[in-house]
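Quick note: the sequence shown, position 67, residue 67 per the working numbering, numbers continuous.
Source of the hints: derived by calculation from the structure; they are not laboratory data. A couple of the hints might just be wrong.
Here are the in silico distance ranges between beta carbons for each label pair [unchecked claim]:
hint, residue 1, residue 2, range
1, Arg187, Asp31, 21 to 31 Å
2, Glu96, Glu145, 45 to 55 Å
3, Lys62, Lys119, 25 to 35 Å
4, Lys158, Ser66, 21 to 31 Å
5, Ser27, Ser152, 19 to 29 Å
6, Asp44, Lys163, 23 to 33 Å
7, Asp123, Met41, 43 to 53 Å
8, Arg164, Gly95, 15 to 25 Å
9, Leu98, Gln126, 12 to 22 Å
We put the beta carbon where it would ideally sit given N, CA and C, even for glycine.
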Amino acid sequence: MNRADLGSKTAKGGFANEKVICRKFNSWKRDKEAQEWLKIMGYDIKKLFSVKAIQVPTKIKKSDLSKFGINREDYEQFVRFKKADAQIRIIIKIGEILKIENLSLKKANSNADYNQIDKRTIDDYQEMWNFDDEIAFWLKLFTGELKPEKYSRKTGIKKFKDKRRLFLNEMPENIQNKIISFFDKNRIII
Numbered sequence: 001m002n003r004a005d006l007g008s009k010t011a012k013g014g015f016a017n018e019k020v021i022c023r024k025f026n027s028w029k030r031d032k033e034a035q036e037w038l039k040i041m042g043y044d045i046k047k048l049f050s051v052k053a054i055q056v057p058t059k060i061k062k063s064d065l066s067k068f069g070i071n072r073e074d075y076e077q078f079v080r081f082k083k084a085d086a087q088i089r090i091i092i093k094i095g096e097i098l099k100i101e102n103l104s105l106k107k108a109n110s111n112a113d114y115n116q117i118d119k120r121t122i123d124d125y126q127e128m129w130n131f132d133d134e135i136a137f138w139l140k141l142f143t144g145e146l147k148p149e150k151y152s153r154k155t156g157i158k159k160f161k162d163k164r165r166l167f168l169n170e171m172p173e174n175i176q177n178k179i180i181s182f183f184d185k186n187r188i189i190i
């Protein structure tokens with residue numbers, strides 16, 4: 001199963017709650033689903049020494065921030081741009097190497113036959129992830145926030161596949177590469 005299919009399956013199925021996910025990761029040696037998740041995250045199960053998952057509440061008292069290794073400024077940013085219903089920190093040990101993965105979970109309606117989408121504006125994402133104005137412009141065309149036909153002269157594109165939005169493969173190749181490169185280089189923060 002590829003990442004997109006797994007994401008869709010997970011979104012449709014929803015999570016009962018974050019404690020269940022933590023338990024699954026903490027029982028990774030016996031839990032086949034947790035093993036599948038770890039493989040998708042790029043880990044060779046045979047090389048893992050330990051996996052420890054802890055639930056990080058999405059709302060934390062300011063006096064408890066240090067318990068989770070979070071400073072006040074980071075927390076205020078997190079709350080401002082929060083999408084997740086649950087945050088889980090997974091500590092993975094491979095030999096003497098310690099790796100920390102932070103997962104954000106969003107509960108989904110299990111009766112829905114669609115994936116949940118985020119409805120924030122490109123400007124919100126630009127503020128969160130600091131991509132440049134050129135990427136923001138093309139992403140606005142991609143999402144339909146800007147209508148492609150109005151920007152035909154600026155983009156140099158005369159005919160569009162869909163008048164509501166621009167497809168990635170309709171963009172100039174250098175722009176496609178720039179967008180993909182940005183997301184690839186910044187996948188951790190995203």
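Hints versus structure:
no. : hint                          : in the structure
1   : Arg187 with Asp31: 21 to 31 Å : holds, 25 Å
2   : Glu96 with Glu145: 45 to 55 Å : holds, 47 Å
3   : Lys62 with Lys119: 25 to 35 Å : holds, 29 Å
4   : Lys158 with Ser66: 21 to 31 Å : violated, 57 Å
5   : Ser27 with Ser152: 19 to 29 Å : violated, 56 Å
6   : Asp44 with Lys163: 23 to 33 Å : violated, 47 Å
7   : Asp123 with Met41: 43 to 53 Å : violated, 30 Å
8   : Arg164 with Gly95: 15 to 25 Å : violated, 51 Å
9   : Leu98 with Gln126: 12 to 22 Å : violated, 33 Å
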